[in-house]
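Chain residues, written in single-letter form:
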Amino acid sequence: MAVSKSTNTYNRQNWEDSDFPILCQTCLGDNPYIRMTKEKYGKECKICCRPFTVFRWCPGARMRFKKTEICQTCSKLKNVCQTCLLDLEYGLPIQVRDAALKIQDDLPRNEVNKEYYIQNLDSQMSKFDATQPSNMALKSKGASDLLVRLARTAPYYKRNRPHVCSFWVKGECRRGEECPYRHEKPTDPDDPLADQNIRDRYYGVNDPVAEKLMRRAAAMPALPPPEDRTVTTLYIGNLPENITEEELRGHFYQYGEIRSLTLVPRAQCAFVQYTTRSASEHAAEKTFNRLVIGGKRLTIKWGKSQGRQGPNDKSETLPALEPVPGLPGTLPPPPPAFLHPFPPQMPPPPNRPNDFFNLHHYAGPAWGAWGGVAPPIPPPPALHYPSQDPARLGAHAHASAPQT
Amino acid sequence: MPKVRRSRKPPPDGWELIEPTLEELEQKMREAETEPHEGKRKQESLWPIFKIHHQKSRYIYDLFYRRKAISRELYQYCLNEKIADANLIAKWKKTGYENLCCLRCIQTRDTNFATNCICRVPKSKLEEGRIVECVHCGCRGCSG
Numbered sequence: 001m002a003v004s005k006s007t008n009t010y011n012r013q014n015w016e017d018s019d020f021p022i023l024c025q026t027c028l029g030d031n032p033y034i035r036m037t038k039e040k041y042g043k044e045c046k047i048c049c050r051p052f053t054v055f056r057w058c059p060g061a062r063m064r065f066k067k068t069e070i071c072q073t074c075s076k077l078k079n080v081c082q083t084c085l086l087d088l089e090y091g092l093p094i095q096v097r098d099a100a101l102k103i104q105d106d107l108p109r110n111e112v113n114k115e116y117y118i119q120n121l122d123s124q125m126s127k128f129d130a131t132q133p134s135n136m137a138l139k140s141k142g143a144s145d146l147l148v149r150l151a152r153t154a155p156y157y158k159r160n161r162p163h164v165c166s167f168w169v170k171g172e173c174r175r176g177e178e179c180p181y182r183h184e185k186p187t188d189p190d191d192p193l194a195d196q197n198i199r200d201r202y203y204g205v206n207d208p209v210a211e212k213l214m215r216r217a218a219a220m221p222a223l224p225p226p227e228d229r230t231v232t233t234l235y236i237g238n239l240p241e242n243i244t245e246e247e248l249r250g251h252f253y254q255y256g257e258i259r260s261l262t263l264v265p266r267a268q269c270a271f272v273q274y275t276t277r278s279a280s281e282h283a284a285e286k287t288f289n290r291l292v293i294g295g296k297r298l299t300i301k302w303g304k305s306q307g308r309q310g311p312n313d314k315s316e317t318l319p320a321l322e323p324v325p326g327l328p329g330t331l332p333p334p335p336p337a338f339l340h341p342f343p344p345q346m347p348p349p350p351n352r353p354n355d356f357f358n359l360h361h362y363a364g365p366a367w368g369a370w371g372g373v374a375p376p377i378p379p380p381p382a383l384h385y386p387s388q389d390p391a392r393l394g395a396h397a398h399a400s401a402p403q404t
Numbered sequence: 001m002p003k004v005r006r007s008r009k010p011p012p013d014g015w016e017l018i019e020p021t022l023e024e025l026e027q028k029m030r031e032a033e034t035e036p037h038e039g040k041r042k043q044e045s046l047w048p049i050f051k052i053h054h055q056k057s058r059y060i061y062d063l064f065y066r067r068k069a070i071s072r073e074l075y076q077y078c079l080n081e082k083i084a085d086a087n088l089i090a091k092w093k094k095t096g097y098e099n100l101c102c103l104r105c106i107q108t109r110d111t112n113f114a115t116n117c118i119c120r121v122p123k124s125k126l127e128e129g130r131i132v133e134c135v136h137c138g139c140r141g142c143s144g
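So the sequence lines, in the order shown, correspond to chains A and B. Per the UniProt record's numbering: the first sequence = residues 1 to 404. Per the UniProt record's numbering: the second sequence = residues 1 to 144.
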């Protein structure tokens, strides 16, 4: 049924007529002065098959002309660019965006169903503000961390380059230098990225680009919180030379109440202990691989869970040592007031104290204090002092510092 | 140029000097007209016609205005007989249009943004290293 635009009146109420396209920055190109042509009902939308207003423009020198491919209803429905079908906010494929924001959509694929659905949606949309995406779920509800990390920071104009000259590929392009197409080796046809399909991309299925991005996201370094729920300490390494404790506190206080902050300037590291586990998890998530102070990217790690690791490791690795003579025995337990030295407004510490310095295994009289145990008498040199064993006291901090 | 010379007026003096060249160009035009279009792009098929048309007009124009080798009568005769394109020659007399390739390339009515053809853009105004070949007549730049 070949009918001209003017005589085809089928469902004409639904034909889209717009004044301005919905486009992303990349598709618009680097030139702020663009001339566009507008053609009313120029093509059918590649998703919903309704006639729509086609815009066509050149996104800068040495770029190919681009045009809008899907109608504005379809574009608003997914909050995507009308031309490249990438998310307007992040520039990522729909499949990645939906997976990261956990959006489920069930757009009808059947022809009649689709027509009805779009028609209803169109009338709904016309009642609301046209500048907002129809699907409110798509508006950033606290930018997804994954999306921010996957998204490009600058527009990717290489996408607008001309296509590869198919004649040149066959070895018979006679236009030579004048050829506006690219005379370059085409991508490998076996490459999964070569097989893309606009409908699949729109519905977010079988999108090879999205799969590649998802694989990249999965391979990104992550910092899983330790299983031991009592660990609320973060190791901060690779600190700049002249950082002060106040500065560090200023950076880390925003994620929650800090119980203690220990700066070890010698090893360029620090330990931040939060009062709650959730705060420390929050801090780890926000700062891991991201926090830059004084031009240095800080290394964030979780403090070690000493309770489990301590005794087992010792029995395996270290030879049995005879106790140091002349040390005072274990003290009687301190009074309850001493056990809770924290002000009442702070939540009590978790069941086991966070002894990441391995201190209280040595039965020192002052657990939690930094310094070693000073022997009362100068001992003979053959004697082993746990406090002076480099493999034991505070070894975790120093051992892990150089590898950052 | 008309296929058949209709006017009975005898050609002015000097005609026999320019006739062989015009005959040659005429022959080339015949060849271009009968050339098959296979293997050519849609736009490309008319390029040789425009080119030979330009050459013929240019020949008369040069003889009269530059070399001053033919009489005004002969020049007028060529224009009347449509051997040379008077409109095209009229443009060549204007500054900036001395080398104009064809009249279509300055026809702004036919374009999207009411602009001239790309071949009318001076080389210095084009971005560096850009090679143009206009779609109308295959001109590669006729504006300095």
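Hints listed in this document are in silico derivations from the structure and should not be mistaken for laboratory results. Among the hints, a few may not be true.
DMTMM-like cross-link-like pairs, simulated, lysine to aspartate or glutamate; straight-line CA separation at most 20 Å [said to hold, decoys possible]: (1) B/68 <-> B/13; (2) A/158 <-> A/184; (3) B/123 <-> A/145; (4) B/40 <-> A/122; (5) A/102 <-> A/145; (6) B/40 <-> A/89; (7) A/114 <-> A/184; (8) B/42 <-> A/178; (9) B/125 <-> A/30; (10) B/40 <-> A/105; (11) A/46 <-> A/184; (12) A/301 <-> A/257; (13) A/46 <-> A/145; (14) A/43 <-> A/69; (15) B/125 <-> A/122; (16) B/94 <-> B/62; (17) A/170 <-> B/26; (18) A/158 <-> B/128; (19) B/42 <-> A/195; (20) A/212 <-> A/190; (21) A/158 <-> B/110; (22) A/158 <-> A/89; (23) A/158 <-> A/105; (24) A/38 <-> B/44; (25) B/91 <-> B/62; (26) A/40 <-> A/30; (27) B/123 <-> A/172; (28) A/158 <-> A/122; (29) A/170 <-> A/188; (30) B/42 <-> A/172; (31) B/51 <-> A/178.
Nothing here was measured: the structure is a model prediction, and the numbers come from that model.
Here is how each hint holds up against the structure:
1. B/68 <-> B/13: holds, 14 Å
2. A/158 <-> A/184: OK: residue 158 of chain A and residue 184 of chain A at ~14 Å, within 20 Å.
3. B/123 <-> A/145: violated, 49 Å
4. B/40 <-> A/122: violated, 46 Å
5. A/102 <-> A/145: Measuring from Cα to Cα gives roughly 13 Å; hence the hint holds.
6. B/40 <-> A/89: violated, 45 Å
7. A/114 <-> A/184: Violated, at about 40 Å.
8. B/42 <-> A/178: Holds: residue 42 of chain B and residue 178 of chain A sit about 16 Å apart, inside 20 Å.
9. B/125 <-> A/30: holds, 19 Å
10. B/40 <-> A/105: violated, 49 Å
11. A/46 <-> A/184: violated, 29 Å
12. A/301 <-> A/257: holds, 18 Å
13. A/46 <-> A/145: violated, 32 Å
14. A/43 <-> A/69: holds, 8 Å
15. B/125 <-> A/122: Not satisfied, since the Cα-Cα distance of roughly 46 Å exceeds 20 Å.
16. B/94 <-> B/62: holds, 15 Å
17. A/170 <-> B/26: violated, 37 Å
18. A/158 <-> B/128: Within the cut-off at roughly 19 Å; holds.
19. B/42 <-> A/195: violated, 30 Å
20. A/212 <-> A/190: holds, 15 Å
21. A/158 <-> B/110: Distance of about 31 Å is beyond 20 Å: violated.
22. A/158 <-> A/89: Answer holds: residue 158 of chain A to residue 89 of chain A is near 19 Å, not above 20 Å.
23. A/158 <-> A/105: violated, 31 Å
24. A/38 <-> B/44: Violated. Residue 38 of chain A to residue 44 of chain B sits at ~27 Å, over the 20 Å cutoff.
25. B/91 <-> B/62: holds, 14 Å
26. A/40 <-> A/30: Distance of about 26 Å is beyond 20 Å: violated.
27. B/123 <-> A/172: violated, 29 Å
28. A/158 <-> A/122: violated, 34 Å
29. A/170 <-> A/188: Holds. Residue 170 of chain A to residue 188 of chain A sits at ~14 Å (cutoff 20 Å).
30. B/42 <-> A/172: Holds: residue 42 of chain B and residue 172 of chain A sit about 17 Å apart, inside 20 Å.
31. B/51 <-> A/178: Status holds; Cα separation ~18 Å.
Hint compliance for this structure: hints 3, 4, 6, 7, 10, 11, 13, 15, 17, 19, 21, 23, 24, 26, 27, 28 are broken, all remaining hints hold.
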